[in-house]
Amino acid sequence: MIKKITSILAISAIVLVGAAQSSLKFDGTANGQLLPDSTALSFSNLTGLSFTVWVKTNWAGNGYVFEFADSAGYAAGNTGFRFAMLDRRAGGFPPSSELAFETVFDNYTVRASTNMNNVPSDEWVHLAGVISRDALNGNTATYVLELFVNGNSVATSNAINVNNANPAIRNLHLSKNSRSRIGNIIVPPRFGSNRFTGNMDDILIYDKALSATEIKDMVCSRTYPSSGKLLYYNCNDGSGTIAYDIGSSGANGTLESGVSWDDVDFVSSSVANPVADFTYSTTSPSLSVDFTDNSSPAVSRKWEFGNGDTSAALNPTYTYKKQGTYQVSLTTTDVCGKISSKKTQSVVVSCPPAKSSFISSASNRKVDFEANKAGILNFIWDFGDGSPLDSGATKEKTSHIYAAYGTYNACLYVMSACGLDTLCEELNLAAAGLGETSNNANWSVFPNPASNVLNVVSSVEFQDSRFVVKDLQGRNVASQSVLSGSKIEIDIEDLKPGFYTIEVVSRDQSNSLKFIKE
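For the sequence shown, my numbering gives the first residue as 36, with consecutive numbering after it.
These aren't lab readings, by the way, just hints derived from the structure by calculation.
We treat Cβ as the ideally placed atom computed from N, Cα and C, and that holds for glycine.
Incorrect hints may appear among the rest.
[Claimed, not checked] Computed cross-link-like contacts, BS3-like style, restricted to lysine-lysine with a CA-CA straight-line distance of at most 30 Å:
1. K390 x K337
2. K505 x K337
3. K505 x K390
4. K505 x K357
5. K243 x K373
[Said to hold, decoys possible] Pair ranges (Cβ atoms, derived):
6. V383 x V310: 21 to 27 Å
7. S392 x T442: 16 to 22 Å
8. S246 x T354: 36 to 42 Å
9. S494 x T327: 38 to 44 Å
10. C459 x S519: 27 to 33 Å
Please put together the full structure from these sequences, using the hints given.
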């Protein structure tokens, strides 16, 4: 197959539009590799280095995208570098489900890697590995690696320190006659196949650390930096078994039998819109849901939780106010500003409200109480005689001695992860020869629990009365006065959820009742 040869103008940037395009197809066999001319390819005394390539593959056990290594190999004590990009499911040590950009010096390896879920499959994707010198202290050069997927920085490595008095050794370098492969690995496979299956296009090595903006422009506008190209196979220039290097090295590549020219190319196939995807987990009973973003790489995202609330967090944990089924959506935006379609799932939040129940047994004026503790986080006992509340996480059992015989309204308030509940029971404590007494108010409140408005109604009309709402610490948190009327409304929207007392003081009565703000 004869390839069209294009010329590259010496301008500040190269925009790849309008040219006849093609790519290289790798069949995944032992001969599925492109071999750069090692007698021509070399570099030295660099403080930064970048590898970029467009690939299209299903990542089904694929191995090495490329490997460039000095002839000294991997052994400890060598003074050569090794640079590689690989799917570690097949080529890693140990294998793992991640894409990695790595370097080795003196048998010490560092890598920047990301889970394969972050790498699109069966579509053109741009990969970039950048290594830059982060510091120089005496004879020690410190390098850091960064991995980009479709213009997004997805991983940064730990530092690798190269200590040598000779700058030619501690700076990044690759000698002539190096062992370099594209689509394969130098040594025999150790974990299944180390060979790439799929297409590659626009394979470049730069003699500098490309910036995030430069890499973004390579993806979004197909604009490549023109300076610093050590190696450039645009996969349009070449014929037969030769791919021409139009970079500065002139290291033409030899196509072995497992590599062929293919008219499928990345330019005619624009980078797809980002794909939003997520999973969630919850336990029952609970109002909290943990969300995990499994989308293709994105720079921003918008979660919609189905009740009007939103979040821009990567993996938010959201707590609903009540149980139910919610339509949760995720939309993402990639580095090029493309917006994904909205991903929506039905999220079921199962959290039945707490149920308050108890039994009591009386002996004279002493009463023993025992509550059902299943799922309860806190118990609050109101014995109905004005004595202090008895509360705590372990107060499922308690006792109380009443000061006098009579009729009392004993209440239990409980709190769980799913809300509040209350139960009141009338206790009749009578001694022989004594009549019953009552301290019940002639007014009531509803609803109870209440959310925004508490209604107060009375069988007799309130006259010149004042209503005061107090929290469990006895602090006044709301109040309202009324000249006359048998029903009033009190705004409790701003109160925090919990237990409260409302007191009424008038010419005719002075009483209090408990209510719950949910």
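Hint check results:
no. : hint                    : verdict
1   : K390 x K337             : violated (36 Å)
2   : K505 x K337             : violated (40 Å)
3   : K505 x K390             : holds (24 Å)
4   : K505 x K357             : holds (25 Å)
5   : K243 x K373             : holds (29 Å)
6   : V383 x V310: 21 to 27 Å : holds (24 Å)
7   : S392 x T442: 16 to 22 Å : holds (21 Å)
8   : S246 x T354: 36 to 42 Å : holds (40 Å)
9   : S494 x T327: 38 to 44 Å : violated (56 Å)
10  : C459 x S519: 27 to 33 Å : holds (29 Å)
Violation of the numbered hints given earlier is confined to hints 1, 2 and 9; the remaining hints are satisfied by the structure.
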